[in-house]
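Sequences listed follow chains A and B, in order.
Mapped onto our numbering, the consecutive letters of the first sequence carry residue numbers 1 to 368.
Mapped onto our numbering, the consecutive letters of the second sequence carry residue numbers 1 to 319.
These are computed hints drawn from the structure, not numbers from a lab.
Note that the Cβ used here is the ideal one computed from N, Cα and C, for glycine as well.
All clues stand as given, with none of them false.
Estimated spans, in silico, between C-beta atoms of each pair: (1) Arg-355(A) with Ala-61(B): 48 to 58 Å; (2) Gly-228(B) with Arg-355(A): 36 to 46 Å; (3) Glu-8(A) with Val-163(B): 51 to 61 Å; (4) Val-253(B) with Arg-5(A): 36 to 46 Å; (5) Leu-119(B) with Thr-224(A): 47 to 57 Å; (6) Cys-192(B) with Arg-5(A): 19 to 29 Å; (7) Ser-166(A) with Gly-228(B): 17 to 27 Å; (8) Gly-228(B) with Ala-202(A): 23 to 33 Å; (9) Arg-298(B) with Arg-280(A): 40 to 50 Å; (10) Glu-318(B) with Ser-111(A): 53 to 63 Å.
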Amino acid sequence: MRVERRLEQPRWLSLAVPLVSIVVAFVFATIVLVATHHPPLHTFRRLFDAAFLSNGALSETVVAATPLAFTGLAAAAAFRMRLFNIGGEGQLYAGAITGATVALLLAGAPSPIVIGAMVIAGAAGGAVLAAIPGILRAFFSTNEIITSLMLNYVVALIIDYLIFDSHSYLRDTKGFQASVFPQGKILPNEASWSSWTIHGLALPLGALLAVLLAVALWGLYAGTRFGFEVKVIGDSARAGRYAGMRTRRKILAVMCLSGAIAGIGGASQDGDFRHQLDPRGLTQANYGYTGIVVAALARYNPFAVVLVAFLLGGLQNAGFTLQGADFPNGLVGVLQGLILFCALGGELFVRYRVRFDRRRTPAPEPVS
Amino acid sequence: MNNSLLVVVLASGIAYGTPLLYAALGELLAERSGVLNLGVEGMMLVGAVMGFWAVQRIHAATTLALLGAIGVAALAGALMALIHAFLVVTLRANQIVSGLALTIFAGVAGLSSYLGNDLNLARAPARHQFQEIFPKSFQNWPVVGPILFGQSALVYASWGCVVLVALYLTRTRMGLNVRAVGESPAAADAMCVNVTRYRYAHTLVGGGFAGVGGATFSLSITPQWIAGLTQGAGWIAIALVIFAFWRPTLCLVGAYFFGAFTALPFALQGHGVTVAPELFQSLPYVMTILALVLVSSRAARLRFGAPAALGIPYVREEG
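Pulled out of the complex, with its shape left as it was, chain B reads as follows (with noise of 0.2 Å):
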């Protein structure tokens, strides 16, 4: 039963929607503020780098290595986006091309190559990972077993993530700032709400996020290194945050379906069907055009829409 399409693929496909769901969550916060990050490719394979080298120089215990290491991480997420930050949000540069600077700074052919390179950390297996943490009789039990029991740490953690982020979002003070600042920075603004500090700070957290996301490859998904290991998941990131129309639990939802269409193809496959993988590949793609086009007419923009100063930069003076 446990080897059934379904659980399989809802099983593997929470597991590979993971590291989508931080990317995105983290995205989500950067874009309420009225950041947009096309840069999460970057800092995430920045992020997977740096969590991969710190699980292999901190010689520590299994869970404190790891956890020094989705923090080392994070932290590189976080410093990636400062850059963003800085240039968008005090050079008030064009949030697009600053982006795309990003991930090619950063990504494939850029710093994380650069850093894996350097520290040497190809060909190494993680000293490492994140294991299933119930043990192998919970696994067992039908459907739920696989499905709930048989994941690593980081997926209940990004569980409690997405609560925190929903509850802050919806249920302070600061996170109903936080919105204000990407409807209205004007608005904000004159309620003695600090457009700037805002911004920074939710762009940091982003890419900090975006980190966690990268090193959830390097130390749990691969768990190693290779250049380029995150294969286009930090624009699937960006595009499950317009999928999720900006909210935070379908986020989650969003990242598990989208996890389960890479999983798709491969479980087929062991059930002797051959089907094209990139057609389960590129339906992430369609479908968020597709949700993109819904929420595009007034009433639903007003409705679920994007934030309504999202991309565009706050001055003062011109606000």
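With the rest of the complex left out, here is chain A (with noise of 0.2 Å):
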């Protein structure tokens, strides 16, 4: 058997490899559930009811899929030039930390008004978390994987300090469930992000915003001069030097962008969800992780992510839904796992072929 790398890669494959993964990891899934004596059938079905049949099920995949939308296009707008920022956890919870204080500060103001200074915000807070990765691997030179990862729990720490504590700004410290358990203040309702209702399907603004933002990443990546220096940076950090490219600040504002996608995210979680800073349920989700999974699965394409946020959103959904009962616990995490693992070795078939022959054709002979 060998294996060699394919010239060019066709289409058809770069659709067909994450579906067949998708099998394949459910088999395996079987096999577990199997082993542990669970009807696999009976819990599949579950799991997909949860997610996407029964009753409002839908709009509840929808506020699961939301944030992984976010982290999702914020790692696949790194990841495309090589940059491995996994710090999207971290600078979600930056865009909620400064969206959530935004929200307070304009209290009063026109609902538009605090939600526009909400995006930006959340935008800003993730950006400059991500700029330090970013400058420290631009002109230091220092790996922004480890950096960037590090961040996630500095940031993670700064939440839990602000709400439990400190007496800080974001503290709820007069409301009567503030006594029993430390929380953050509930926001205004001008921070309140819209949302509209078609046919039963409630779609929050961040939602769309995420679609949005897919499209505009497109975009900018697919019809503009700087996605072309992002690509060829990605494909070869040396051509692009040598063709005169400004790699540090790509770097730079690559993570900029990166974190800022991450930080809206954060804002939204604000805005749409949960109306305060809210430290448990933030860090307790791993958007920032699921994200670069969503990325990855979706072949860093946008709108790929979009639509793989939504699939891996349910599977959340049905996991939180079902949480207690009968239904076996840590199923989900197995099960994305699983998937990507699935994915991440069908990728070999995308970039190389396999080909079985037993006659060995023997070295020529060196000429010397």
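Join the two chains, each given in its own frame, into one complex according to the hints.
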């Protein structure tokens, strides 16, 4: 058996491989379920029902998918340039902190202004945080993987500090519930992001924003000079430099772009769903890490990111709805992991061609 | 005297640092062979749950049961690492994404909780646990008593592991080969070193160490099974490897240093000083970033830096 690199990657493969990997992942999950004495078909059926079919399930799935779309787009934007920003998690928290702060500061202003300011503040918060690994990478060539990862934990601790261990501006110190358990101040009504209901399907502003961002990101990467340079630098930084591209600036710009997208996701958490700075809810959801999974499954294509976020959001929503009862705990993580393993493994078949031939052609004699 | 702040913090810093040390030693071995495994947290959790399961099920004397449990934990961690190794070594997948996938697959919301739930392990204390092995009279000695003699067997075993790993990497032929595989796989390949086999072996052993690190939580520190009981220790372990510049002995120092930061807020509270624990908890991360910046310059990278081929798949025809 030989594995050789394909000269061209056929288009149909980049669609077929993810689909086949999902099927294979479910086969593996079936094995896990059977091995632990759970009925696989029944379990999958319940999972699917709770994710997409049952009453109101679709709306809940959109709620779960929205943050994943943001963090997925954030990861896709950076990974396209082989800039491995795995700080989407922390950048989302940062956006949630700045978004909530602005919402509280602007209480009383007209709603569109507050919402607009929250989006900008969220983007700024995420971008500033992402700029740290960006600057370190651009000017000190420090590996951005580890620095962005470490910052996730730093920001998670900052959120904890703001709500649990200080009397910060964001913490509710007066309310009745706050005396029982520390929590963030409830944001004013003006800071509630609008949502539209179409045929019983609730679409929050954040979800629409994510779709718009996907279109914008696609346009940026497919149709502008900036996008072209990002791709060239991603494929070969050296070639980019020889062509006179400003790699350092590009690294910083892409990092900030990626952070800003994740940050808007954080602001959307405040405005769309939680209406307060919610440290436990945010830090336990792992939106940032799952976003990387989403981006990888979508092969960094913005539109595919939205689609995959919707599917994985459904899975998460189902896991959340079916929690407890007799539903196997942790199955959702197992399934997500398996899907990703299979997709990663399948990637080999997109990039390489596997050939089976028994006969080995003897290596030609070296000419002396 | 034994209640003084420094002694308490050092003693509990060593206890809290031990799981970090095991996991970091494992990650160090994998990274020295060129494989970055971000799945440490997941492997630790699976090690923790399987080790705990073993100790509940093995009906034997305490020592035997605990030894068996450590073996099971190491095996479970290695099995998890096998997935990563297969994906990144054989299938040449992206190491970052694969490692994160492993953490999602095995972590809090994944396999470890699935197993803990399915094997019915929650809400029961461990039937056997690692205890201080020296008699109480030793532990009452001033200063060294609690620090050196108040620890469990896992702590002393970890010191042995540090020495073994350090000797292995610097004094044996195989250790030299591992370093070659991590620095320049093409050169190692030309010297007839089997790159694939070395990478597999060290990723698997690394997973085993992570599993033991996880079991340190469920059999000694906590000692019971709670979903997600490692609370991010796996990520600190990854940070620790960098902080220690990929050297086993520095791992030991760093692990206790980071462990002391976990212990410090509690100890301070005991002395009536309230400090936000987040301040100390964030220090390991901030210091790792600083350490990483320090070793990023070209000269320092050659002297202390990461294995040159870290994170890069090796394909003979393209090497």
